[in-house]
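Chains as they are written, first to last, in the numbering used here: chain Y, 1 to 441; chain S, 1 to 441; chain L, 1 to 441.
Treat each hint with caution, since some may be false.
Just so you know, same-sequence chains aren't split out, so a pair can sit in one copy or run between any two.
[Claimed, not checked] Cross-link-like lysine to aspartate or glutamate pairs, in silico, DMTMM-like; alpha carbons within 25 Å at most: (1) LYS117 / GLU218; (2) LYS217 / GLU428; (3) LYS141 / ASP425; (4) LYS9 / ASP312; (5) LYS213 / ASP112; (6) LYS141 / GLU282.
Hints are computed from structural coordinates only; laboratory data are not their basis.
Take a look at the letters that make up each chain.
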Amino acid sequence: MLSREDNEKLCRTGPGTPMGNLFRRFWIPALLSREIAEPDSPPKRLRILGEDLVAFRDSMGRAGVIEAYCPHRGAQLFWGRNEECGLRCPYHGWKFDVNGRCADLPNIQEGDATREKISITAYPVREAGGMVWIYMGPADKMPELPAMEWMSLPVENLHVTRWLQCTNWFQGLEGEIDSSHVSFLHRALDAEHDLPPQFTSYGPPGPVDGAPKLTLKETPYGFVTGSRRRTVNEGEYFWRVTHWLAPMFSLIANHRFPRSGRAWVPVDDNHVMTFGYIFNGERAMIAEENAILEKGSFFPPRIAPGVFTLPDGYIIDTFLPQAHRGNDFLIDRNMQRSGNYTGIHGVNEQDRCIQESQRSIPGMRPGGLADRSRERLVASDAAVVTARRRLLRMTSELDSGKEPEQPRQPQSYNVRAIAAISQHDAFEKFYDEQRGAIELA
Amino acid sequence: MLSREDNEKLCRTGPGTPMGNLFRRFWIPALLSREIAEPDSPPKRLRILGEDLVAFRDSMGRAGVIEAYCPHRGAQLFWGRNEECGLRCPYHGWKFDVNGRCADLPNIQEGDATREKISITAYPVREAGGMVWIYMGPADKMPELPAMEWMSLPVENLHVTRWLQCTNWFQGLEGEIDSSHVSFLHRALDAEHDLPPQFTSYGPPGPVDGAPKLTLKETPYGFVTGSRRRTVNEGEYFWRVTHWLAPMFSLIANHRFPRSGRAWVPVDDNHVMTFGYIFNGERAMIAEENAILEKGSFFPPRIAPGVFTLPDGYIIDTFLPQAHRGNDFLIDRNMQRSGNYTGIHGVNEQDRCIQESQRSIPGMRPGGLADRSRERLVASDAAVVTARRRLLRMTSELDSGKEPEQPRQPQSYNVRAIAAISQHDAFEKFYDEQRGAIELA
Amino acid sequence: MLSREDNEKLCRTGPGTPMGNLFRRFWIPALLSREIAEPDSPPKRLRILGEDLVAFRDSMGRAGVIEAYCPHRGAQLFWGRNEECGLRCPYHGWKFDVNGRCADLPNIQEGDATREKISITAYPVREAGGMVWIYMGPADKMPELPAMEWMSLPVENLHVTRWLQCTNWFQGLEGEIDSSHVSFLHRALDAEHDLPPQFTSYGPPGPVDGAPKLTLKETPYGFVTGSRRRTVNEGEYFWRVTHWLAPMFSLIANHRFPRSGRAWVPVDDNHVMTFGYIFNGERAMIAEENAILEKGSFFPPRIAPGVFTLPDGYIIDTFLPQAHRGNDFLIDRNMQRSGNYTGIHGVNEQDRCIQESQRSIPGMRPGGLADRSRERLVASDAAVVTARRRLLRMTSELDSGKEPEQPRQPQSYNVRAIAAISQHDAFEKFYDEQRGAIELA
């Protein structure tokens with residue numbers, strides 16, 4: 001349904017690509033603050049939008065994200081010494097601070113003019129919501145951080161994490177915003193295999209209405225969707241409101257569980273880092289909630305810190321899901337008969353089993369750019385279609401010199417995903433009724 | 001000895017290639033019937049002639065082999081639910097039957113015209129000889145199943161299996177039809193390292209005649225070869241008759257052991273699935289025979305069910321040999337001095353060690369297309385030369401509109417490989433004498 | 001600092017490349033004599049300058065290095081039988097001797113004219129210094145072996161070995177000849193983590209002079225460098241002299257430990273075999289010395305014999321370091337704070353961690369051709385710059401028909417790396433004083 005050209009435009013995010021340029025107008029989560037917890041703690045290897053980077057925290061506690069390689073002889077700075085407010089290359093001792101300034105050049109004579117000319121690419125860094133954010137675009141276009149609710153909450157109210165998914169970023173986003181798959185892929189077939197009742201989010205109390213009525217409304221930041229289900233009471237509806245915040249964020253309502261969302265950050269064209277945030281706007285997360293989250297039934301999956309070798313041999317520091325393509329996501333075909341719809345444990349595993357094996361364009365590995373020229377979209381794919389069209393328009397506009405509006409409107413991201421009972425059957429009326437609960441800014 | 005162009009013509013079997021077109025005129029073994037033994041049992045991932053497929057058995061016991069990916073969003077149907085006479089995609093619940101018809105479309109409204117247009121590629125399926133066969137060619141060219149003897153035997157008379165070999169299909173076929181390597185590669189040097197005497201097949205009772213006289217005769221189905229050895233009795237010969245049935249089948253005589261053969265089914269251009277059939281036309285296989293076969297001295301090698309990740313990341317369900325390139329085929333250099341010729345256990349392992357490491361054309365992995373431009377063929381390579389020439393002619397003819405004759409003559413495949421003592425020293429006379437035992441149709 | 005074109009010229013060594021042609025004018029270490037210790041012992045798989053080879057020792061004790069594949073059908077001769085003065089292909093029994101002559105052709109009739117035409121590529125072989133050397137160039141250009149001191153020492157005076165490094169050969173050579181990194185990368189921060197005192201080599205007795213004065217002088221064989229450090233005595237200097245012997249050899253002074261050096265032999269463009277030689281010109285190595293060397297603090301690293309699958313699937317027999325990229329060189333970040341500069345055990349591991357992760361040219365794996373278009377060379381990189389310029393000149397000259405001089409002057413390689421105390425502060429004067437100790441020929 002999508003031309004090869006448009007598909008590549010949506011998917012490829014390396015330097016100089018249309019979507020890469022668009023991403024470089026937004027603040028992007030790079031890693032978790034707790035991964036470089038202490039001053040002078042070990043650096044971490046990253047790849048973001050196809051660029052090799054290294055993150056570290058200096059002696060004063062400032063986070064830095066700089067180019068991965070020393071400008072002298074190209075040695076990888078990951079091996080470096082994180083000491084006295086800078087990361088020092090172990091090969092010949094060149095040292096750079098979080099701003100990319102060269103702090104020491106022991107093998108160049110004092111007074112040598114070369115000294116002044118040496119620096120390294122360093123991206124502006126902010127920390128918010130338990131994450132280290134970077135801005136990789138032109139200096140004069142640098143916006144404020146987006147004002148998503150969870151980014152200003154105390155750390156106790158948050159459960160933030162990240163994990164590697166072996167697909168293009170856009171496949172992840174499509175699954176994220178497509179609510180029509182929820183009642184299939186994530187369906188439980190018996191009580192035992194369902195999520196713990198207090199954490200389920202996809203239906204109202206009482207019997208589930210299998211075919212919710214969906215309404216999608218474009219907004220300045222992306223779009224909002226309302227899904228309406230009948231309740232057991234005549235003339236009463238259970239509404240769920242979720243948001244897509246361009247280009248990479250989601251906010252999902254969970255009426256019994258803390259609110260949540262994901263950010264889909266391209267590693268390269270075949271890998272995406274999923275950042276998960278689950279949060280409570282009113283109180284700290286409780287131990288039981290965190291314990292359940294770490295069991296991997298929901299988001300995040302069950303993960304462990306580890307390294308991953310990308311196909312070109314570059315190694316990144318990341319978190320790796322324990323169920324993955326290499327072990328068939330630990331599928332249990334007996335459980336699939338009567339326990340849950342897939343035989344796979346965990347909401348994110350269920351998503352990944354699909355996304356990591358969607359048909360790719362010829363010549364690409366599974367999980368690479370999905371082949372969108374051969375798909376057959378239907379009415380319930382409206383969210384997917386809308387996001388594609390919106391992103392393609394934004395890249396075209398940027399290409400012709402028109403900057404995207406979202407980075408200039410960080411407060412527009414301050415919205416909330418909610419779930420509520422209402423008598424209204426039209427989304428517009430329900431939205432008007434709940435506007436104060438949805439638009440926080 | 002072969003131009004690069006002809007080499008590629010013989011080896012490449014993807015959609016639209018000359019040899020790919022030829023294969024698509026024949027019924028092809030896809031997997032073993034017992035791999036999808038029960039109605040609604042788990043589906044299996046296949047790749048055949050470069051096409052990604054999924055095999056399943058429906059609630060009524062019918063086998064189906066359909067395209068691997070759901071036409072909606074390209075999700076891999078392997079993750080699907082095999083239920084109520086169809087395989088249902090877990091992403092949004094689309095369901096397809098063994099004929100590729102769409103049996104359910106839960107996310108499309110009743111009455112929507114799209115419903116009628118949706119289907120998935122499904123190949124015609126037959127089951128015979130313990131295998132599931134598919135036909136991947138044009139509907140109007142679909143032939144009968146070939147009438148090889150073992151295909152109509154009761155399952156107790158058969159020992160059928162399959163395993164992955166990491167070479168192009170044609171390398172496997174060449175080894176199969178080249179009897180001149182047998183007295184080198186498969187030679188035993190002492191009694192202990194030989195195959196159990198009751199299962200050896202390559203010589204007459206008594207001392208082995210090292211240089212058998214070989215005669216090859218082209219036939220409608222491919223060719224028949226007769227190899228003549230002297231016996232201990234003056235004027236008496238031990239004749240062995242084997243067949244190549246184009247394009248992928250062999251029948252080999254084993255005078256003390258049940259008859260056997262292999263089918264070489266291209267997975268992609270660098271991998272081939274070897275289907276092995278060992279059978280007894282007169283009686284059921286006995287437990288001792290099956291036990292010896294499973295020890296891997298002969299065919300099949302010692303194998304275990306498993307998954308294999310092809311170089312492009314696609315995963316297939318298969319059987320994997322325990323001795324392979326990654327462990328140097330468990331070669332024992334001491335055994336090579338005095339036990340057997342290679343120091344490698346098992347006839348198939350001996351073949352695979354050669355075939356998986358033959359020099360490839362530049363830029364290809366070992367086991368990829370062998371570099372046939374640098375070889376030096378000799379008189380004893382007649383079988384190899386004949387098969388190449390025959391297949392090249394068949395592809396050229398098909399290319400210019402002339403259909404191959406073999407698919408129209410399924411009864412011509414009903415021949416038997418035999419071994420017998422005779423006074424005749426000319427193959428033609430021996431063949432005439434034994435015609436009734438060889439041509440079963 | 002180097003154009004892409006010159007970079008490729010330096011790095012690529014396959015048949016027909018400029019640097020490949022240059023290497024093919026020199027004798028090259030292929031493997032260790034002890035790897036094929038016994039007559040008729042198992043053959044070894046090699047790749048050198050991009051060519052697939054097999055090494056064996058025949059029944060008379062002669063070493064042979066021949067093409068990896070049988071000319072008949074391309075079977076890999078590694079599987080062959082090493083018997084009665086030849087390596088016999090296991091497929092059809094063709095047999096070749098160490099000179100590439102065909103010693104037996106059992107499947108070709110006596111008198112067949114083909115018999116005379118069949119041979120296999122075999123490279124001239126010498127054994128010296130515990131190594132098997134081969135010459136891969138034109139027969140009429142074959143020189144004498146280079147006369148490096150250690151090559152004529154008794155085997156007891158030597159500690160020779162080899163191990164695989166996953167980089168282009170030139171990255172290894174650059175690290176070898178760049179003494180300016182020694183006081184950074186290999187620096188010990190406390191006494192415990194330093195090399196055992198009797199084996200350290202990089203400074204004089206007493207406090208280390210952090211910024212040695214370096215002088216480089218081109219020589220017929222390559223260059224010699226003198227590094228001068230102050231000692232605790234006024235007007236006294238500690239001089240260290242090292243050599244680069246084009247294209248691939250080094251000789252390094254270790255004033256308390258036996259002398260040493262390395263040869264950097266290209267496997268293919270992304271892998272290099274490091275041959276290490278540590279030797280004592282006066283006496284046999286003692287057990288304590290060998291024991292310390294095998295602990296891997298210095299050269300060689302801690303290694304084990306093993307096989308390695310190159311990216312194109314070809315397998316080589318080699319020695320593999322136990323610390324490597326896949327395990328982050330066993331880095332210990334606590335040790336890096338206070339023990340030694342890198343947190344990595346072993347001088348070679350410290351080198352490899354850098355060399356195997358230097359930024360590669362776009363599209364190449366880490367360790368592939370380093371991207372020398374983006375580096376910033378400084379004055380202390382003089383050795384690196386000189387070697388590049390010299391090699392580029394040599395390849396250009398060869399390209400235009402001028403043969404390199406070094407192969408014609410094997411005695412010029414008979415130099416020694418020394419370390420000595422002197423009153424001279426100018427390298428020329430120090431060199432004149434020590435000429436007899438340095439130039440052995």
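Tested hints:
Taking the shortest alpha-carbon separations for LYS117 and GLU218, neither the intra-copy value of 48 Å nor the inter-copy value of 31 Å comes in at or below 25 Å. In this homomeric assembly, LYS217 and GLU428 come within 25 Å of each other (Cα to Cα) only inside a single copy, at 9 Å, whereas the closest approach across copies is 82 Å. In this assembly of identical chains, the alpha carbons of LYS141 and ASP425 never lie at most 25 Å apart, being 42 Å within a copy and 57 Å across copies at closest. In this assembly of identical chains, LYS9 and ASP312 lie within 25 Å of each other by CA distance both inside one copy and across copies; the values are 22 Å within and 23 Å between.
In this assembly of identical chains, the alpha carbons of LYS213 and ASP112 lie at most 25 Å apart only when taken from different copies (17 Å versus 71 Å within one copy). With identical chains, the CA atoms of LYS141 and GLU282 are never at most 25 Å apart, being 34 Å at best within one copy and 70 Å at best between copies.
Hints 1, 3 and 6 from the list above are not met by this structure, while the remaining hints are.
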